[in-house]
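Given chain A's structure and the hints, the job is docking chain B onto it.
There are 2 protein chains.
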Amino acid sequence: MIAKHARPDHPIAAVLAERSSPYGYDPRPLPAADLRSLFEAARWAPSAFNEQPWRYVVAVRQDEAEFARLLGCLTDTNQQWARHASALAVGVASLTYARDGKPNGTALHDLGLAAASLTVEATVRGLVVHQMGGILPDRVRELYRVPEGFQPLTALAIGYAADPATLPEALRRRDMAPRTRRPQAEFVFGASWAVAAVLD
Amino acid sequence: MIAKHARPDHPIAAVLAERSSPYGYDPRPLPAADLRSLFEAARWAPSAFNEQPWRYVVAVRQDEAEFARLLGCLTDTNQQWARHASALAVGVASLTYARDGKPNGTALHDLGLAAASLTVEATVRGLVVHQMGGILPDRVRELYRVPEGFQPLTALAIGYAADPATLPEALRRRDMAPRTRRPQAEFVFGASWAVAAVLD
Chain A
0 MIAKHARPDH PIAAVLAERS SPYGYDPRPL PAADLRSLFE AARWAPSAFN
50 EQPWRYVVAV RQDEAEFARL LGCLTDTNQQ WARHASALAV GVASLTYARD
100 GKPNGTALHD LGLAAASLTV EATVRGLVVH QMGGILPDRV RELYRVPEGF
150 QPLTALAIGY AADPATLPEA LRRRDMAPRT RRPQAEFVFG ASWAVAAVLD
Chain B
0 MIAKHARPDH PIAAVLAERS SPYGYDPRPL PAADLRSLFE AARWAPSAFN
50 EQPWRYVVAV RQDEAEFARL LGCLTDTNQQ WARHASALAV GVASLTYARD
100 GKPNGTALHD LGLAAASLTV EATVRGLVVH QMGGILPDRV RELYRVPEGF
150 QPLTALAIGY AADPATLPEA LRRRDMAPRT RRPQAEFVFG ASWAVAAVLD
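If you read the protein sequences in the order shown, they are chains A and B. With numbering that gives the first Met the number 0, letter number 141 in the first sequence gets 140, and the count goes up by one each step, no holes. With numbering that gives the first Met the number 0, letter number 115 in the second sequence gets 114, and the count goes up by one each step, no holes.
If we strip away everything but chain A, and leave its shape as in the complex, we get:
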């Protein structure tokens, strides 16, 4: 794992601390068996009423035409670095319940649960996943005939982290920058909003 690790204030599992979202990818093909296990991890994520509202459109770099087509659904900025990934996926949420057609208020949230599971499996396998919101959803809808009621939301660049030393200066700086997070006191509340929780 080349990218910088998290610097947690409390101990967390290595598979979480070692996860990062790099910009530098080493453009090698990814074995299909690894990708199947990544989507299998997504598959077993929890969801409201076990609705499994996640769908993915996927392309692997060895299929150049399909890879280019999916890459073209990212913003220009994201295309610049994501084109070196081994595989690309667009995450799509099903916005209504299959059983009764009513709105699924946790569909986007549950797509996030699946993406995080996928990313855990990737980390275990020495792979990296950089998720991005910068996609062209209308282009995804048109090119892939996404039906009404489904929302393309994110893309995932999946592959092998490049050694930052091999990267152009701009990318190297991004992949070597210290990682930061707000402290728990700013998001773990107790008796009221913005009041830090007491947990013992």
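A portion of the hints provided could be inaccurate.
As the list claims (entries may be wrong) - Straight-line alpha carbon distances no greater than 25 Å define the calculated SDA-like cross-link-like pairs of lysine to any residue that follow:
no.: 1; chain 1: A; residue 1: Lys3; chain 2: A; residue 2: Leu126
no.: 2; chain 1: A; residue 1: Lys101; chain 2: B; residue 2: Leu135
no.: 3; chain 1: B; residue 1: Lys3; chain 2: B; residue 2: Ala176
no.: 4; chain 1: A; residue 1: Lys3; chain 2: B; residue 2: Asn49
no.: 5; chain 1: A; residue 1: Lys101; chain 2: B; residue 2: Arg181
no.: 6; chain 1: A; residue 1: Lys101; chain 2: B; residue 2: Leu94
no.: 7; chain 1: B; residue 1: Lys101; chain 2: A; residue 2: Arg138
It is worth saying that the hints were derived from the structure and are not from the lab.
Using the frame of chain A, we list chain B on its own:
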């Protein structure tokens, strides 16, 4: 781990296969250090522009008054089983970007990323997390003075899975039921929607 494991079609990490969302909890207090590590795991989740749009309101069962107050923010059905958890949390999403006040389209998704990270850390520690959409968001807003622009979305029951043999029949049946998921061909698409991806 007492609850039933996933039955994956492709190998996935044990921390994912052993996760489950049980209804039966053994009502023991949870060390604060464990809870801190769970929220630390959430803290290091990725998010769009590193916005970290997740907030949590948390109560531990040893603080009976606060625990009862947060339990009262769940639907009646969920209160029935979640009252045995060691800790409860309500997940709240920040719907606008802190930097420019614009809508954050991935806020709910990124709350899901944080929840999944938290759940991985719990599983590593032999704990269980059952997430639920069945909450009373207006009650959360009122009791905890949640500001405009934030959306209470989910609750998490965190604790120790009970041995199903000790549970009442209805709960035991739920915790022993076989786990099911749609096959990958139904959500991993390639050249077009509903066309199964070819990954090699």
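Unsatisfied constraints (hint numbers, rising): Those not satisfied: there are none.
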